[in-house]
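Starting from the given sequences, assemble the full structure and let the hints guide the process.
There are 2 protein chains.
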Amino acid sequence: MTLQFPQASEDKRALEEGEAFTPRFDANGLVTAVVTDAGDGVLLMVAHMNAEALALTIETGIAHYWSRSRGSLWKKGETSGNFQHVVEIRTDCDQDAVWLRVNVTGHEATCHTGRRSCFYRTVGYKNGMATLSADGSAPLFDTDETYHKKS
Amino acid sequence: MTLQFPQASEDKRALEEGEAFTPRFDANGLVTAVVTDAGDGVLLMVAHMNAEALALTIETGIAHYWSRSRGSLWKKGETSGNFQHVVEIRTDCDQDAVWLRVNVTGHEATCHTGRRSCFYRTVGYKNGMATLSADGSAPLFDTDETYHKKS
Numbered sequence: 001m002t003l004q005f006p007q008a009s010e011d012k013r014a015l016e017e018g019e020a021f022t023p024r025f026d027a028n029g030l031v032t033a034v035v036t037d038a039g040d041g042v043l044l045m046v047a048h049m050n051a052e053a054l055a056l057t058i059e060t061g062i063a064h065y066w067s068r069s070r071g072s073l074w075k076k077g078e079t080s081g082n083f084q085h086v087v088e089i090r091t092d093c094d095q096d097a098v099w100l101r102v103n104v105t106g107h108e109a110t111c112h113t114g115r116r117s118c119f120y121r122t123v124g125y126k127n128g129m130a131t132l133s134a135d136g137s138a139p140l141f142d143t144d145e146t147y148h149k150k151s
Numbered sequence: 001m002t003l004q005f006p007q008a009s010e011d012k013r014a015l016e017e018g019e020a021f022t023p024r025f026d027a028n029g030l031v032t033a034v035v036t037d038a039g040d041g042v043l044l045m046v047a048h049m050n051a052e053a054l055a056l057t058i059e060t061g062i063a064h065y066w067s068r069s070r071g072s073l074w075k076k077g078e079t080s081g082n083f084q085h086v087v088e089i090r091t092d093c094d095q096d097a098v099w100l101r102v103n104v105t106g107h108e109a110t111c112h113t114g115r116r117s118c119f120y121r122t123v124g125y126k127n128g129m130a131t132l133s134a135d136g137s138a139p140l141f142d143t144d145e146t147y148h149k150k151s
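Those sequence lines, one after another, are chains A and B. Reading the first sequence from the start, the letters are residues 1 to 151 in the UniProt record's numbering. Reading the second sequence from the start, the letters are residues 1 to 151 in the UniProt record's numbering.
Be aware that one or more of the hints could be misleading.
[Claimed, not checked] Derived lysine-lysine pairs resembling BS3-like cross-links, with alpha carbons at most 27 angstroms apart:
| no. | chain 1 | residue 1 | chain 2 | residue 2 |
| --- | --- | --- | --- | --- |
| 1 | B | Lys12 | A | Lys126 |
| 2 | B | Lys126 | A | Lys12 |
| 3 | A | Lys126 | B | Lys75 |
| 4 | B | Lys75 | A | Lys12 |
| 5 | B | Lys75 | A | Lys75 |
| 6 | B | Lys12 | A | Lys75 |
[To be verified] Not the full set, but computed from the structure, chain B residues with beta-carbon under 7 angstroms of chain A:
| no. | residue |
| --- | --- |
| 7 | Phe25 |
| 8 | Asp26 |
| 9 | Val34 |
| 10 | Leu43 |
| 11 | Val46 |
| 12 | Thr91 |
| 13 | Phe119 |
| 14 | Tyr125 |
| 15 | Thr131 |
| 16 | Tyr147 |
[To be verified] Chain B is nowhere near these chain A residues, computed Cβ spacing over 12 angstroms in every case:
| no. | residue |
| --- | --- |
| 17 | Asp11 |
| 18 | Ala27 |
| 19 | Thr57 |
| 20 | Ser72 |
| 21 | Trp74 |
| 22 | Arg90 |
| 23 | Asp92 |
| 24 | Asn103 |
| 25 | Thr105 |
| 26 | His107 |
| 27 | Phe141 |
| 28 | Thr146 |
In short, the hints are calculated from the structure, not lab data. Predicted model, so just to flag it, every value in this text is computed and none were measured. Glycine is no exception: its CB is placed at the ideal position from the N, C-alpha and C atoms.
Have a look at this one:
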């Protein structure tokens, strides 16, 4: 019953200007998903979706991804309660990426470190070296308790 | 003279909480780059960077990418004049993606279709089919003239 996606057109104009959503999955069967907060637009995370994750996201309105590290479908928030409710999905010109604008439930945290966003460090450049500086954002939930209690 | 990046640590804590920027390039030598407007936060594009593109971006403050379709370094804006001046670079928890907040010069357009953003279509779901709707954003420059005049 899962939504199926038609094969992507090889016609550039159809891909860029057409009304058919024909995601261009890469060699691993994935598209890139960029996830921002529907409220203030902050970038929360970057992840990947296979066809099943993308279809489930569209059908249920709850973000699903493909976990490359675990090699499995990943309903974001299933452990932490921090589900992502999708307000809008967009795709880009060549349809190999999607943009999800979401509202996060639970602790309003997206990162597995407990922070609101995965992008909590800025890149600096000093004396020919690239460095990172934390922006001071703190964990919004106890990740040890949330993730380690499960066995 | 180009900035070199140290090998990424296998220690998860160093990667997530450390102060060394050690990007985790994938099997193709790329990290994902998410690009937003530094002014209003709108998502402009998603692209990829190899080590050289990332180093040049950090060193020059102008966004460079790796064009997967052309297989070459890509100084964004070289043809159109729509350069991206980098206000801030962030990386995510596992350092396999970067977030660039930029100011776009020239026509203030990022998409090769002439539009401000590559994400000009929303995904809808009707009668078991996923469809696209244009958001009405129009080209900000004459792409035929800009791209086709060059031979």
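Quick rundown of the hints versus the structure:
Taking the CA atoms of lysine 12 of chain B and lysine 126 of chain A, the gap is about 24 angstroms. The hint holds against a cut of 27 angstroms. For the suggested pair lysine 126 of chain B and lysine 12 of chain A, the alpha carbons sit about 24 angstroms apart, so the restraint of at most 27 angstroms is met. For the hint linking lysine 126 of chain A to lysine 75 of chain B, the alpha-carbon distance of about 23 angstroms falls within 27 angstroms, and the restraint holds. Pair hint lysine 75 of chain B plus lysine 12 of chain A holds up; C-alpha atoms about 23 angstroms apart against a cutoff of 27 angstroms.
Proposed proximity of lysine 75 of chain B and lysine 75 of chain A is contradicted: the alpha carbons are some 37 angstroms apart, above 27 angstroms. Between the alpha carbons of lysine 12 of chain B and lysine 75 of chain A the distance comes to roughly 23 angstroms, so the proposed pair stays at or under 27 angstroms and holds. At its closest, the beta carbon of phenylalanine 25 of chain B sits 14 angstroms from a beta carbon of chain A; the interface hint therefore is violated under the 7 angstroms criterion. Nearest Cβ of chain A to the Cβ of aspartate 26 of chain B: about 9 angstroms, over the 7 angstroms cut. The hint is violated.
Proximity of valine 34 of chain B to chain A holds as hinted, the smallest CB-CB distance being about 5 angstroms (cut-off 7 angstroms). Below 7 angstroms, beta-carbon pairs count as interface contacts, and leucine 43 of chain B has one with chain A at about 5 angstroms; its hint therefore holds. The beta carbon of valine 46 of chain B comes within 4 angstroms of a beta carbon in chain A, closer than 7 angstroms, and the hint placing it at the interface holds. Interface hint status for threonine 91 of chain B: upheld, as the beta-carbon distance to the closest one in chain A is roughly 6 angstroms, under 7 angstroms.
The restraint placing phenylalanine 119 of chain B at the interface with chain A holds, with a minimum CB-CB distance near 4 angstroms, inside the 7 angstroms limit. With a least beta-carbon distance of about 5 angstroms to chain A, the hint placing tyrosine 125 of chain B at the interface is held under the 7 angstroms criterion. Because the beta carbon of threonine 131 of chain B sits about 6 angstroms from the nearest beta carbon in chain A, less than 7 angstroms, this interface hint is met. Interface restraint check for tyrosine 147 of chain B: the shortest CB-CB distance to chain A comes to about 12 angstroms, outside 7 angstroms, so the restraint is violated.
Annotated as non-interface, aspartate 11 of chain A keeps its C-beta farther than 12 angstroms from every C-beta of chain B; the closest such distance is 14 angstroms. The claim that alanine 27 of chain A is not at the interface with chain B is violated, since a C-beta of that chain comes within 12 angstroms of its own (minimum 10 angstroms). For threonine 57 of chain A, the requirement that its beta carbon stay farther than 12 angstroms from each beta carbon of chain B is not met, with the minimum near 10 angstroms. Remark: the non-interface label on serine 72 of chain A is consistent with the geometry, its nearest Cβ contact in chain B lying 17 angstroms away (cut-off 12 angstroms).
Distance check for tryptophan 74 of chain A against chain B: the nearest CB is about 15 angstroms away, which clears 12 angstroms, and the non-interface claim stands. Consistency note on arginine 90 of chain A: stated as away from chain B, yet its beta-carbon is not over 12 angstroms from all of that chain's, at 4 angstroms minimum. Not every C-beta of chain B lies more than 12 angstroms from that of aspartate 92 of chain A, the closest at about 4 angstroms, which undercuts listing it as non-interface. Annotated as non-interface, asparagine 103 of chain A keeps its C-beta farther than 12 angstroms from every C-beta of chain B; the closest such distance is 16 angstroms.
With a least CB separation of 20 angstroms from chain B, threonine 105 of chain A remains clear of the 12 angstroms interface cut-off, as annotated. Distance to chain B confirms histidine 107 of chain A as a non-interface residue, since its nearest Cβ pair spans about 16 angstroms, more than 12 angstroms. Every C-beta of chain B lies more than 12 angstroms from that of phenylalanine 141 of chain A, the closest at about 15 angstroms, which supports listing it as non-interface. Here threonine 146 of chain A stays apart from chain B, with its beta-carbon at least about 15 angstroms from theirs, past the 12 angstroms limit.
In this structure, the earlier hints numbered 5, 7, 8, 16, 18, 19, 22 and 23 are contradicted, and the remaining ones agree with it.
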